[in-house]
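Number of protein chains: 2
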Amino acid sequence: MASALRSRLNVRPAACFRATRSFSTASVRRGPQPFVADEPKAPSVQTAIPGPKNQAAAKELDEVFDIRSLNLLADYSKSVGNYLVDLDGNVFLDVYAQIASIPVGYNNPHLAKAANTPEMIRALIDRPALGNFPSADWSHIVRTGLLKAAPKGLNQVFTALSGSDANETAYKAAFMYRRQQERGGPDVDFSEAEYKSAMINQSPGSPQLSIMSFKSAFHGRLFGSLSTTRSKPIHKLDIPAFDWPQAPFPALKYPLEEHVKENAEEEQRCLQEAERIIKEFHNPVAAVVVEPIQSEGGDNHASPAFFQGLRDITKRNNVLFIVDEVQTGVGATGKFWAHDHWNLQSPPDLVTFSKKAQTAGYYYGNPALRPNKPYRQFNTWMGDPARAILFRAIYEEIESKDLVRNTAITGDYLYGGLESLAKKYPHAIQNLRGKGQGTFIAWDSPNRDEFLVKAKSVGVNIGGSGASAVRLRPMLIFQQHHADILLEKLETLIKA
Amino acid sequence: MASALRSRLNVRPAACFRATRSFSTASVRRGPQPFVADEPKAPSVQTAIPGPKNQAAAKELDEVFDIRSLNLLADYSKSVGNYLVDLDGNVFLDVYAQIASIPVGYNNPHLAKAANTPEMIRALIDRPALGNFPSADWSHIVRTGLLKAAPKGLNQVFTALSGSDANETAYKAAFMYRRQQERGGPDVDFSEAEYKSAMINQSPGSPQLSIMSFKSAFHGRLFGSLSTTRSKPIHKLDIPAFDWPQAPFPALKYPLEEHVKENAEEEQRCLQEAERIIKEFHNPVAAVVVEPIQSEGGDNHASPAFFQGLRDITKRNNVLFIVDEVQTGVGATGKFWAHDHWNLQSPPDLVTFSKKAQTAGYYYGNPALRPNKPYRQFNTWMGDPARAILFRAIYEEIESKDLVRNTAITGDYLYGGLESLAKKYPHAIQNLRGKGQGTFIAWDSPNRDEFLVKAKSVGVNIGGSGASAVRLRPMLIFQQHHADILLEKLETLIKA
Numbered sequence: 001m002a003s004a005l006r007s008r009l010n011v012r013p014a015a016c017f018r019a020t021r022s023f024s025t026a027s028v029r030r031g032p033q034p035f036v037a038d039e040p041k042a043p044s045v046q047t048a049i050p051g052p053k054n055q056a057a058a059k060e061l062d063e064v065f066d067i068r069s070l071n072l073l074a075d076y077s078k079s080v081g082n083y084l085v086d087l088d089g090n091v092f093l094d095v096y097a098q099i100a101s102i103p104v105g106y107n108n109p110h111l112a113k114a115a116n117t118p119e120m121i122r123a124l125i126d127r128p129a130l131g132n133f134p135s136a137d138w139s140h141i142v143r144t145g146l147l148k149a150a151p152k153g154l155n156q157v158f159t160a161l162s163g164s165d166a167n168e169t170a171y172k173a174a175f176m177y178r179r180q181q182e183r184g185g186p187d188v189d190f191s192e193a194e195y196k197s198a199m200i201n202q203s204p205g206s207p208q209l210s211i212m213s214f215k216s217a218f219h220g221r222l223f224g225s226l227s228t229t230r231s232k233p234i235h236k237l238d239i240p241a242f243d244w245p246q247a248p249f250p251a252l253k254y255p256l257e258e259h260v261k262e263n264a265e266e267e268q269r270c271l272q273e274a275e276r277i278i279k280e281f282h283n284p285v286a287a288v289v290v291e292p293i294q295s296e297g298g299d300n301h302a303s304p305a306f307f308q309g310l311r312d313i314t315k316r317n318n319v320l321f322i323v324d325e326v327q328t329g330v331g332a333t334g335k336f337w338a339h340d341h342w343n344l345q346s347p348p349d350l351v352t353f354s355k356k357a358q359t360a361g362y363y364y365g366n367p368a369l370r371p372n373k374p375y376r377q378f379n380t381w382m383g384d385p386a387r388a389i390l391f392r393a394i395y396e397e398i399e400s401k402d403l404v405r406n407t408a409i410t411g412d413y414l415y416g417g418l419e420s421l422a423k424k425y426p427h428a429i430q431n432l433r434g435k436g437q438g439t440f441i442a443w444d445s446p447n448r449d450e451f452l453v454k455a456k457s458v459g460v461n462i463g464g465s466g467a468s469a470v471r472l473r474p475m476l477i478f479q480q481h482h483a484d485i486l487l488e489k490l491e492t493l494i495k496a
Numbered sequence: 001m002a003s004a005l006r007s008r009l010n011v012r013p014a015a016c017f018r019a020t021r022s023f024s025t026a027s028v029r030r031g032p033q034p035f036v037a038d039e040p041k042a043p044s045v046q047t048a049i050p051g052p053k054n055q056a057a058a059k060e061l062d063e064v065f066d067i068r069s070l071n072l073l074a075d076y077s078k079s080v081g082n083y084l085v086d087l088d089g090n091v092f093l094d095v096y097a098q099i100a101s102i103p104v105g106y107n108n109p110h111l112a113k114a115a116n117t118p119e120m121i122r123a124l125i126d127r128p129a130l131g132n133f134p135s136a137d138w139s140h141i142v143r144t145g146l147l148k149a150a151p152k153g154l155n156q157v158f159t160a161l162s163g164s165d166a167n168e169t170a171y172k173a174a175f176m177y178r179r180q181q182e183r184g185g186p187d188v189d190f191s192e193a194e195y196k197s198a199m200i201n202q203s204p205g206s207p208q209l210s211i212m213s214f215k216s217a218f219h220g221r222l223f224g225s226l227s228t229t230r231s232k233p234i235h236k237l238d239i240p241a242f243d244w245p246q247a248p249f250p251a252l253k254y255p256l257e258e259h260v261k262e263n264a265e266e267e268q269r270c271l272q273e274a275e276r277i278i279k280e281f282h283n284p285v286a287a288v289v290v291e292p293i294q295s296e297g298g299d300n301h302a303s304p305a306f307f308q309g310l311r312d313i314t315k316r317n318n319v320l321f322i323v324d325e326v327q328t329g330v331g332a333t334g335k336f337w338a339h340d341h342w343n344l345q346s347p348p349d350l351v352t353f354s355k356k357a358q359t360a361g362y363y364y365g366n367p368a369l370r371p372n373k374p375y376r377q378f379n380t381w382m383g384d385p386a387r388a389i390l391f392r393a394i395y396e397e398i399e400s401k402d403l404v405r406n407t408a409i410t411g412d413y414l415y416g417g418l419e420s421l422a423k424k425y426p427h428a429i430q431n432l433r434g435k436g437q438g439t440f441i442a443w444d445s446p447n448r449d450e451f452l453v454k455a456k457s458v459g460v461n462i463g464g465s466g467a468s469a470v471r472l473r474p475m476l477i478f479q480q481h482h483a484d485i486l487l488e489k490l491e492t493l494i495k496a
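These protein sequence lines map, in sequence, to chains A and B. Residue numbering for the first sequence follows the UniProt record's numbering, starting at 1 and increasing by one per position. Residue numbering for the second sequence follows the UniProt record's numbering, starting at 1 and increasing by one per position.
Honestly, the hints are just simulated from the structure, not real lab data. Wrong hints could be hidden among the right ones.
What the hints assert, rightly or not - Residues on chain B that point at chain A, a partial pick, calculated with CB under 10 Å:
{"no.": "1", "residue": "ASP62"}
{"no.": "2", "residue": "ARG68"}
{"no.": "3", "residue": "ALA114"}
{"no.": "4", "residue": "ILE125"}
{"no.": "5", "residue": "ASN132"}
{"no.": "6", "residue": "HIS140"}
{"no.": "7", "residue": "TYR171"}
{"no.": "8", "residue": "GLY205"}
{"no.": "9", "residue": "LYS355"}
{"no.": "10", "residue": "PRO374"}
{"no.": "11", "residue": "ARG387"}
Stated by the list, open to error - As a list, the in silico DSSO-like pairs of lysine-lysine whose alpha-carbon atoms are at most 27 Å apart:
{"no.": "12", "chain 1": "A", "residue 1": "LYS335", "chain 2": "A", "residue 2": "LYS215"}
{"no.": "13", "chain 1": "A", "residue 1": "LYS373", "chain 2": "B", "residue 2": "LYS53"}
{"no.": "14", "chain 1": "B", "residue 1": "LYS215", "chain 2": "A", "residue 2": "LYS373"}
{"no.": "15", "chain 1": "B", "residue 1": "LYS232", "chain 2": "A", "residue 2": "LYS373"}
{"no.": "16", "chain 1": "B", "residue 1": "LYS196", "chain 2": "A", "residue 2": "LYS215"}
{"no.": "17", "chain 1": "A", "residue 1": "LYS215", "chain 2": "B", "residue 2": "LYS373"}
{"no.": "18", "chain 1": "A", "residue 1": "LYS456", "chain 2": "B", "residue 2": "LYS373"}
{"no.": "19", "chain 1": "A", "residue 1": "LYS454", "chain 2": "A", "residue 2": "LYS424"}
{"no.": "20", "chain 1": "A", "residue 1": "LYS279", "chain 2": "B", "residue 2": "LYS196"}
{"no.": "21", "chain 1": "A", "residue 1": "LYS113", "chain 2": "B", "residue 2": "LYS78"}
{"no.": "22", "chain 1": "A", "residue 1": "LYS373", "chain 2": "B", "residue 2": "LYS454"}
{"no.": "23", "chain 1": "B", "residue 1": "LYS373", "chain 2": "A", "residue 2": "LYS232"}
{"no.": "24", "chain 1": "A", "residue 1": "LYS373", "chain 2": "B", "residue 2": "LYS456"}
{"no.": "25", "chain 1": "B", "residue 1": "LYS454", "chain 2": "B", "residue 2": "LYS41"}
{"no.": "26", "chain 1": "B", "residue 1": "LYS152", "chain 2": "A", "residue 2": "LYS59"}
{"no.": "27", "chain 1": "A", "residue 1": "LYS196", "chain 2": "B", "residue 2": "LYS215"}
{"no.": "28", "chain 1": "B", "residue 1": "LYS232", "chain 2": "A", "residue 2": "LYS196"}
{"no.": "29", "chain 1": "B", "residue 1": "LYS495", "chain 2": "B", "residue 2": "LYS424"}
{"no.": "30", "chain 1": "A", "residue 1": "LYS148", "chain 2": "B", "residue 2": "LYS53"}
{"no.": "31", "chain 1": "A", "residue 1": "LYS373", "chain 2": "B", "residue 2": "LYS59"}
{"no.": "32", "chain 1": "A", "residue 1": "LYS53", "chain 2": "B", "residue 2": "LYS148"}
{"no.": "33", "chain 1": "A", "residue 1": "LYS456", "chain 2": "A", "residue 2": "LYS489"}
{"no.": "34", "chain 1": "B", "residue 1": "LYS373", "chain 2": "A", "residue 2": "LYS454"}
{"no.": "35", "chain 1": "B", "residue 1": "LYS279", "chain 2": "A", "residue 2": "LYS196"}
{"no.": "36", "chain 1": "A", "residue 1": "LYS196", "chain 2": "B", "residue 2": "LYS253"}
{"no.": "37", "chain 1": "A", "residue 1": "LYS232", "chain 2": "B", "residue 2": "LYS196"}
Think of the CB as a built atom: it goes at the ideal place given N, C-alpha and C, for glycine as much as any other residue.
Starting from the given sequences, assemble the full structure and let the hints guide the process.
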């Protein structure tokens with residue numbers, strides 16, 4: 001199947017790499033050289049899932065830790081590259097990758113080297129309060145890592161600890177910016193009424209402003225971020241939330257190229273509604289937050305035209321535009337940032353990241369988004385230098401191995417294979433989506449939850465999103481030979 | 001001054017150590033042996049503060065990072081034990097310790113060893129989504145570290161990334177527990193109205209419940225935690241907040257032993273008001289959160305009787321009792337947890353931690369505080385095993401060197417010295433507080449901000465809290481000889 005697919009798609013394996021790399025004739029014949037030399041050749045499952053050792057260990061863990069969301073207990077000492085090994089020695093091809101968070105493979109040697117340095121040890125044991133006592137080399141760490149990866153037009157970063165933290169601090173920046181505008185600029189002091197009312201959580205000091213998000217969005221689970229999350233009731237039930245608005249997110253028909261006109265109309269409808277809400281919602285909207293591809297919410301796509309339109313709406317209504325790249329960022333869509341696909345005229349105001357970056361935070365460009373006084377955007381740790389050092393090593397690995405390009409090409413190849421499967425088994429693979437979006441691919445499955453469980457029995461670790469989507473989130477070192485294995489296993493599962 | 005103080009206080013240095021440790025006559029004569037053999041003997045300041053290298057580096061850092069809260073740029077490679085070294089080679093006795101977060105000294109060898117293991121490297125580079133794919137040894141890491149340190153009566157832990165994160169997840173646990181009670185137990189499903197309304201941030205799905213905190217409290221800076229923070233307007237201005245109530249925190253007179261009756265009355269007044277609010281506030285109170293000593297808010301103390309009374313109130317009103325030990329926890333008050341001072345009849349429902357633990361989360365005991373379904377208290381990382389491994393090493397170091405006991409005894413010694421200074425310079429040291437609370441000591445200074453800046457010029461790194469307090473937050477390895485240096489430097493500053 002593999003070579004047939006390659007020939008049909010006319011993908012030249014050597015195209016996965018920079019022109020400066022050379023390949024033996026043999027390697028061209030059998031596809032690009034693997035990034036990970038010592039990976040297993042294929043998954044192997046020796047026991048029922050979960051196996052006996054997993055069951056015993058889970059029981060022990062349950063005494064101290066909630067295991068109801070447990071998938072498996074992993075043996076990370078044996079896991080390598082794209083392969084995750086469980087406690088019973090079962091070897092899984094991992095296309096879920098710690099909920100889309102492992103970028104360059106388990107036990108990546110370059111990362112291991114970065115983790116085994118005096119610099120890293122100091123970052124771990126002498127953890128600074130970054131806002132007060134940064135290390136002398138913090139500027140260097142930021143410049144050679146986080147800022148090298150910064151989205152076009154954004155040259156500043158505020159570091160945080162998780163995706164929720166990144167989004168909430170971005171929201172705070174947006175609220176402070178908005179109120180500063182309303183007051184008349186950074187030099188106008190707070191009023192006495194603001195000082196007093198803020199202390200009792202009342203306006204004007206604690207203003208009745210809002211962040212607009214989209215239906216089915218996921219932006220995190222702390223109180224501010226959860227107020228913008230609209231993915232599933234189980235994420236939100238019983239938790240107080242802010243009275244903030246949601247706009248409809250386009251419900252597109254797939255494949256996109258067969259529904260161009262109606263999808264464009266649907267996007268237009270959603271844009272109009274978004275602008276209406278911004279103009280009319282009773283708690284004024286300070287910022288719009290949106291994911292380039294709604295991930296937890298079910299892998300919902302929209303076109304560059306939609307996002308360009310949304311950018312225009314935020315501009316003309318003086319509302320900030322926050323792009324949440326927590327799941328889409330760092331290469332998975334075949335661009336380093338998914339919003340690079342949009343060709344925006346002006347960059348987003350704030351771009352948040354976490355997951356594959358292994359650290360978190362937000363990028364911005366407008367200096368006015370630094371609050372007008374110190375200690376307004378502040379906390380004890382403000383991120384973690386150890387994780388920022390790790391991100392630098394990840395970035396180096398992505399650059400030196402050209403992994404974003406690999407993901408784009410492998411993604412096209414994989415998508416082609418899935419298209420063939422979808423034609424052969426239209427009931428099993430519905431609404432295939434993610435064409436041209438690297439390996440950020442999903443489809444709807446009629447028995448999704450069962451499908452995911454069964455996938456483990458054939459050695460594939462795979463995740464879901466939304467109500468019925470199977471979502472692929474392989475690492476950036478996922479190559480054609482992994483795609484071939486995945487396609488073969490998927491067909492086995494569908495046939496069964 | 002040092003020996004005079006020791007003799008006045010009748011502190012026997014050897015009492016700092018477990019009875020099983022033996023000391024040479026010489027070491028008894030000159031005080032306990034230092035925990036850190038290679039520490040500087042004293043601070044040394046060579047340049048104006050900030051020195052030329054600090055100034056140049058700060059300018060460079062400012063291009064990419066907000067430096068308005070910068071104290072100094074540190075050279076952690078040269079810092080050791082209680083001494084922080086800046087980029088110009090100035091050596092500071094550090095009694096601020098990264099905003100109360102470094103427990104066992106810079107470049108602690110035991111921590112360095114723990115950071116330099118294959119286990120740590122894997123935890124860094126193969127970071128798991130803990131709720132789905134914990135490592136096989138996660139249970140062991142939790143049992144041998146976090147749970148060994150667990151407060152009495154609490155045998156479960158939920159791990160998080162920061163103090164704000166810890167508090168907010170504790171609040172979420174409290175809200176879910178409360179709504180579950182109201183529904184009639186864990187087996188009663190959510191109603192259709194709850195499912196629907198949660199998705200649009202409205203009750204009953206997003207209930208109008210509240211967390212009650214205290215005036216001057218600090219519990220973090222994300223949206224839920226910030227709604228319970230009442231320390232300073234600058235922390236809260238321009239950020240939307242929940243309509244949650246605050247109770248008065250006792251405004252005690254110091255020294256406590258000279259104002260017993262009026263302080264008891266003040267505490268009684270506050271307790272009555274707290275109970276009234278719990279009974280009457282329009283958004284029903286699901287939990288009360290309180291710090292054992294209000295830290296950011298100005299080092300405000302209350303008696304064990306106050307906290308016992310508060311615990312009783314929460315019990316009889318069916319409200320959860322959350323103790324925020326983010327700043328007080330892990331030994332600084334001379335007990336491992338500050339609430340150990342209270343002798344509660346029943347333990348707190350939830351105890352949150354961060355800072356000196358170098359990881360974060362909340363402890364609990366009641367199994368019903370695990371939500372009734374999976375994925376309700378969940379996020380991608382749910383903490384960081386690398387930091388949990390570090391906490392285990394910190395705990396081992398505290399135990400093996402008996403550092404909580406050291407802190408209790410050194411704290412008494414230091415407090416005695418400060419009492420003498422306060423008698424000598426009553427204008428400079430007002431409202432001295434923290435007697436019997438380890439080294440968790442503070443006083444009010446008429447020119448506090450200036451005092452803190454000047455302290456650096458004599459080689460002491462020291463922090464403030466509230467409007468006018470100087471707060472001491474030395475590490476747990478702070479010993480009598482450090483206290484002697486600190487007292488001498490303080491007197492120098494006051495005289496100047």
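Hints, one by one, checked against the model:
Given the 10 Å rule on beta carbons, the hint for ASP62 of chain B holds: about 9 Å separates it from the nearest Cβ of chain A. About 3 Å separates the beta-carbon of ARG68 of chain B from the nearest beta-carbon of chain A, less than 10 Å, and the hint is met. Taking 10 Å as the C-beta cut-off, the interface hint given for ALA114 of chain B holds, the closest approach to chain A being about 8 Å. Below 10 Å, beta-carbon pairs count as interface contacts, and ILE125 of chain B has one with chain A at about 4 Å; its hint therefore holds.
Using the Cβ-Cβ criterion of 10 Å, the hint placing ASN132 of chain B at the interface with chain A is satisfied: the shortest such distance is roughly 5 Å. For HIS140 of chain B, the shortest C-beta to C-beta distance to chain A is roughly 9 Å, which falls under 10 Å, so the interface hint holds. Restraint check, TYR171 of chain B versus chain A: the minimum CB separation of about 8 Å is within 10 Å; hint holds. Interface restraint check for GLY205 of chain B: the shortest CB-CB distance to chain A comes to about 6 Å, inside 10 Å, so the restraint holds.
The beta carbon of LYS355 of chain B comes within 7 Å of a beta carbon in chain A, closer than 10 Å, and the hint placing it at the interface holds. The beta carbon of PRO374 of chain B comes within 3 Å of a beta carbon in chain A, closer than 10 Å, and the hint placing it at the interface holds. For the restraint placing ARG387 of chain B at the interface with chain A, the shortest Cβ-Cβ distance is roughly 8 Å, inside the 10 Å limit, so the hint holds. Simply put, LYS335 of chain A and LYS215 of chain A have alpha-carbon atoms about 25 Å apart, close enough for the 27 Å limit, and the pair holds.
For the suggested pair LYS373 of chain A and LYS53 of chain B, the alpha carbons sit about 25 Å apart, so the restraint of at most 27 Å is met. Note on LYS215 of chain B and LYS373 of chain A: the hinted pairing holds, with a Cα-Cα distance of about 23 Å set against a maximum of 27 Å. Of the pairs offered as hints, the one joining LYS232 of chain B and LYS373 of chain A holds, with about 14 Å between alpha carbons and a cut-off of 27 Å not exceeded. Our distance criterion of 27 Å between C-alpha atoms is met by LYS196 of chain B and LYS215 of chain A, whose separation comes to about 13 Å.
For the hint linking LYS215 of chain A to LYS373 of chain B, the alpha-carbon distance of about 23 Å falls within 27 Å, and the restraint holds. For the given pair, LYS456 of chain A sits about 23 Å from LYS373 of chain B by alpha-carbon distance, which is consistent with the 27 Å threshold. This hinted pair checks out: LYS454 of chain A and LYS424 of chain A have alpha carbons roughly 20 Å apart, not beyond 27 Å. Between LYS279 of chain A and LYS196 of chain B the alpha-carbon distance is near 25 Å, which keeps this suggested pair within the 27 Å criterion.
The suggested pairing of LYS113 of chain A with LYS78 of chain B holds, with an alpha-carbon distance near 23 Å, which does not exceed 27 Å. At roughly 22 Å between alpha-carbon atoms, LYS373 of chain A and LYS454 of chain B fall within 27 Å of each other, so this suggested pair holds. Restraint check for LYS373 of chain B and LYS232 of chain A: satisfied, since their Cα atoms lie roughly 14 Å apart, inside the 27 Å limit. The suggested pairing of LYS373 of chain A with LYS456 of chain B holds, with an alpha-carbon distance near 23 Å, which does not exceed 27 Å.
Restraint check: the Cα-Cα separation between LYS454 of chain B and LYS41 of chain B comes to about 21 Å, which is no more than 27 Å; the hinted pair holds. Taken as a hint, the LYS152 of chain B and LYS59 of chain A pair is honoured in the structure, with Cα atoms around 24 Å apart against an allowance of 27 Å. Our distance criterion of 27 Å between C-alpha atoms is met by LYS196 of chain A and LYS215 of chain B, whose separation comes to about 13 Å. With a C-alpha separation of about 10 Å, the suggested pair LYS232 of chain B and LYS196 of chain A falls inside the 27 Å cut-off, and the hint holds.
The suggested pairing of LYS495 of chain B with LYS424 of chain B holds, with an alpha-carbon distance near 11 Å, which does not exceed 27 Å. Annotation: proposed proximity of LYS148 of chain A to LYS53 of chain B holds, straight-line Cα distance about 25 Å (limit 27 Å). Between LYS373 of chain A and LYS59 of chain B, the direct Cα distance comes to roughly 18 Å. Compliance with the 27 Å bound is thereby established for this hinted pair. Taken as a hint, the LYS53 of chain A and LYS148 of chain B pair is honoured in the structure, with Cα atoms around 25 Å apart against an allowance of 27 Å.
With a C-alpha separation of about 10 Å, the suggested pairing of LYS456 of chain A with LYS489 of chain A holds against the 27 Å cut-off. Of the supplied pair hints, the one linking LYS373 of chain B and LYS454 of chain A holds, its CA atoms being roughly 22 Å apart against a limit of 27 Å. With a C-alpha separation of about 25 Å, the suggested pairing of LYS279 of chain B with LYS196 of chain A holds against the 27 Å cut-off. For the given pair, LYS196 of chain A sits about 25 Å from LYS253 of chain B by alpha-carbon distance, which is consistent with the 27 Å threshold.
Straight-line distance between C-alpha atoms of LYS232 of chain A and LYS196 of chain B comes to about 10 Å, which keeps the hinted pair within the 27 Å bound.
When held up to the earlier numbered hints, the structure conflicts with none and fits them all.
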